[in-house]
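Asks: Here is what each chain is made of, one letter per residue.
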Amino acid sequence: MTAKNESRRSFLKAGLSLSAGAALGAAALSGRADSMDAPSEKIKLVTADGRVIEVEKYDLSIDDRNPASIEKSHYGLPGRKFVMVIDLAKCKNARKCVEKCQEGHYLPEDHEWLNIYLLKDSPESAPYWFPRPCFQCDNPLCVSVCPVGATFKRTDGIVLVDTDRCIGCKFCMTGCPYSARVFHWHEPEVEVPEGTVYSPETAYPAEEGTVGKCVFCADLLRKNELPRCVVACPEGVIYFGDLNEDTVTNGVETMVFSELIKNRSGYRYHEDLGTRPSVYYLPPVDRLYEVEEGFSLHAENPEILERYKNTETYKKYFGDGH
Amino acid sequence: MDINNTLTIDGAIKEFAPQIEKTSPLGWSWITFLSVLVLFGFYGLYTQIAEGHIVTGMRDNVVWGIYIVNFIFFMGVSYAGALISGTLHLFRSEWRKPVIRMAEWITIISLLIGPLYILLCIGRLDKLHNIALFGRIQSPITWDVIAISTDIVGCIIFLYMALLRDFAHLRDYPELKVPKWKKKLYYYFALKYHDTPEQRKKLNRTVDIMAAMVIAIAIIVYSVLAWIFSVTLQPGWHSTIFGPYFVIAAVYSGTAVLIVSMYLFRKVYKLEHVITELHFKNMGIILLVLGAFFGYFTFSEYLTKWYGSQKNDELLISILFDKYYWEFVISNYIGVLLPLIIIGIPKFRTIKSITFTSLVVILALWLNRYLIVVPTLESPYLPIQDSRSAWVDYGGTWVEWSLTLGGIAGFLLLFTLASKLVPIVQLSALVKKDKSEENRKSE
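So the protein sequences, as listed, match chains A and B. Using this note's numbering, read the first sequence as starting at 1 and increasing by one per residue. Using this note's numbering, read the second sequence as starting at 323 and increasing by one per residue.
Only chain B is shown next, with the shape it has when bound in the complex (with noise of 0.2 Å):
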């Protein structure tokens, strides 16, 4: 990390300003790619509200599909800003700079995309603000409500203080090469911040108590989304455990997320000497400890209904078994044991194999919430018997699969356009804090 020692803020502005001031013609095309892709994702919400939900998978047993993973999904991806950056920022941790305002933007993005989807699995769209008007506060999907609202709030505000800063840098640096509008964006965003020593102690105060929120907040939120299903009587999900479960699962899945993105950005950005094997060492051992976490919470979750199973647990473990057997593996089994293997053992420890480990960890992720919902509504109380055959069996239908894809190729597209709105490094971090105060005084 000599970086920090030799950069200034011009020069840390001056090193990343390409970043924000042009696009190659192969960020150009992935930027098309990502946009078709959200296209095509339009074109099957469009199909979706003209001929109703029966264009869907989901019928009267499996009611909730893959849109409600995405939605488990998506949420739990954003855990990687509450937790690793507002963590790692009350614990002072240096090495953590780098990544935080990457891990911000993947909170903020990913839950603008998560809540899409369950808006996809309501029927009446245009009925929407019943919610509002009727509300009641006995039904979890109204804490659900209120716990998104407040967690995008307080997130957006998270990663706002810590832009502040840097909108004022890129203000007050008169060569940088870029479009007009931006820099009335970030003279605007910027609000008259000049890092005066009561400016500075204040923002840093805010930035201290937001960092504690969004770790509250961001637990409520998923807790709240796991009592949805823990809260009804359907064998899978009337469980305890649920909330802190899905509270581990999301952090282990943000994590895998961060990763991914670290490694990608460092590519595409060339920021090997910003973005070290250290980071990856570091992310892959809270990945590790999380993995260890996530894999006991699995256990002791499907052992008591193994054990001990009522009638219906039998069912939905032999449905788990047999018919999801390979998806069960991949979630479970490879999901935990990969991390604890390949970041576990201090010899395959490297950024190629960390990364990979993250992709895996990501698929397994959502295999599990998968699994979490659909065996679950394919195991009722009352057999599934006396709907029609075709209405029997659950699986993804185009229009699910590309809102699918357009779910993650917008969360790909807004991450990239983000990343050339700021540099996707926190600038103000990257210069030691002792040293500018020098500067400034010494001005």
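In isolation and in its complexed conformation, chain A is listed as follows (with noise of 0.2 Å):
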């Protein structure tokens, strides 16, 4: 646990003069957008290399309950690019990765953002647990056919859904071939902290009516800190990183992105489909569980069982009668 937390802070201690620079990049970006919302009011501090900067408060000044604006979620943190690497030799359907999705992003336990699926690809090969967050695509379906702009690409690379703009048409469930998307269907039943003010990068408090999607914890990231479901899953299965960095960590081990990629044979799903997916898998081999325990983990949650109940590697597992 201090081992990991020790790499974890390193990540963050790596990234924060860049995030001093960031921090005024963004300031100069959208300084037109802010000026709408936030107060100008510079503070000082001391960087990493020991110079004194001056940068707007709105800019540090980032808790819970005061989120990035609407238009300030429309910029990406400037220089960045986030990528996601999933390993799939790792995964063994824990879901803790869910549960804190859940949890941090205060959705309705009917609306996830986050599934793991089963996957086999051929009747010979093994079986395997898929994790799919939203893919964060470079050239977005759902951005593109969306008649309002209520979905966006930024310069991060995140894709997000601002719900005070969306009509609630689906057009970019439709358009998303990942299914990655999901919608409100009633109102959320979800106790949201008194006071949040509504952000895209946080995407609570949700409304009736709206689509929603894995937003890469943009509100954590715009505090330097890692998305929620790599650090929740005690198996490190999720690395996050930046490709511009060309740098990766699962909170515990940090990787240089390109040479993961290129020695465990990373690939994107479905890469024919031209939606350039930032999320990269590492192919399930060596792997360190059998397949079948992701059931036996919820062996007590038959709820959970039978969203698999339609895959081969279910009927095997219980017997075609169950």
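Just so you know, the hints here were simulated from the structure itself, not pulled from any lab data. Remember, it's a predicted structure, so these values are computed and weren't measured experimentally. There may be inaccurate statements among the hints.
[Unchecked claim] For lysine-lysine, the following DSS-like pairs were computed, each having C-alpha atoms within a straight-line distance of at most 25 Å:
id, chain 1, residue 1, chain 2, residue 2
1, B, K589, B, K742
2, A, K309, B, K633
3, B, K645, A, K120
4, B, K499, B, K336
5, B, K633, A, K316
6, A, K120, B, K627
7, A, K100, A, K90
8, B, K506, B, K344
Quick one: dock chain against chain with the hints and give me the complex.
Replies: The following block contains the structure:
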């Protein structure tokens, strides 16, 4: 646990100098935008290399109650290009990532951003667990088809939804070939801390009749923290990082992204569709767990097991009559 | 068509006036019945607005259901006016005259009802104005909004041009026993049209231009509608022939609806001498040709998917041939073969059989749209897993069906009321043009 925190801290430290620059950049970039809703107040900071700089207070004062404004959410974090790598060899459907995601984004229980699929590529090949966040595509069809520009692509690669503007036509849901988008079919029955201001980066408080999806925890990234699912995973399945830095980390180990992808034959799901996802997968070779562990872990939760009842693996494990 | 030679305009009004002058008790109960169904639809709408989209069968996988099917269906029906009346007008086919008014009403009414269904799919109707405020021209939905609103305006102008003469005739016929407001309405809608040679020339020119425009707009509208589906990457939708396929299917269903309404109005208003077997046979042959085209498009669409099938096409085809076996048979086999047999073989070609075929075609075309929308959403790239099992299978709920029934009833109701406003047969068209011109000259 301590080792994990250590390395996480080092990742954060590595990002610190960049973040000061980032804050500056953001201020410069979105100066026009900020003037609308943020009082201009500068505060002095000391950077990692000892320089004293002045930044907008608003750019630093981001807490859970005062997240980035809608306007500000449209700009990516400067100099960043976020990327995720998911190591399929390590996933055993523990679903901690899903739990933390639900909690952290105040999602209703029937509105899940992260899904874990049980895939089997061919009758001969072995089944494997496949977590699917939003792929934050570089050529996102969901963004192209949106009639009102409620969903947008940022410079740091993240695709967000502005539920304030979303009319709920669901065209983006049919546009996404990865089923990554979900709808608020009814009033979200979730208690959100009082006084919470809506931001596309946090995506809560949610609104009935609008579309939601994984936001790569844009709110935490702004605070230089790792996404919730990355931290939550007990196996370190999910690596997260910056393509410009060519580095990804799962909170325990930090890797060179390009080498990781090269050495472990990383790939993107359905590359042929031309959507250019920001999420890479490492194939499930030399696996740490039997695939069935993903069932036995949830033996007490038939609702979870039920979700896989149409898969061949499930039928084999529980017998056809189950 | 001896009627053309014997009728003067006054004679024609006298003959058809009872349609708009009085409503039989049966007529009133029909109107009441339809109104009740429409109210039932409104109750469904109220439920959906009050409780949210959770009351529909739509969920995260099948995000569009019966509503979109109805939307495509009604938009398709609206083709009756555009293509039948527009094309026949441009070809100057004489026989078209008694049926074009019906075709045009079908167009307008279905164009008013169809788009309502797309509104039912929208989660936040209260934010609909965002389309005007932030509309992005890159989105096919924006194309749709522009195209459909243009179509509605175009078709209303086209219908109105055809109505103008009749309004003028009804205004100028003093013995008409209708309430005062109706007379006033005729007066205002007639726009001081007195059939002077100059007015007539202008009107004819406008109708010619509008007929051509309406055909073009209608083709664009339906192609845009098809592109909403085919621009996505979904296996059953990502198809290059969807534009023309939808256009053909639309005219096909529009023609079928026109034939059925010809049958009904002929029975109810005793129009046997105006709408004759010839009309049914001619319309039947149009239906036959369209059916053949529809079959051809359907065949090439599914043949290419099935023969060189990719993994997801294969999945889709297997769903179509397993879960939706009967729907597929009715829509794509019977819906194509029945007109070919019944109308194709002269011996079977009667008014009743042609009408029956049209009814089957209407059902088949509705199912065809269902098979385009729902099974594709049920076969996404990533298998449907890890979503609550109660949310996996789509089926329309009572709310969706109530609104479907409400829409159909609304269509029939408006159509009935329209036939009470002006005669369902275009009066001015029944009188031979040169003859009435002669009369006017001699006056």
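Asks: Any hints from earlier that this structure breaks? Give me their numbers in increasing order, please.
Replies: Going through the list in order, the structure violates no hint and respects every one.
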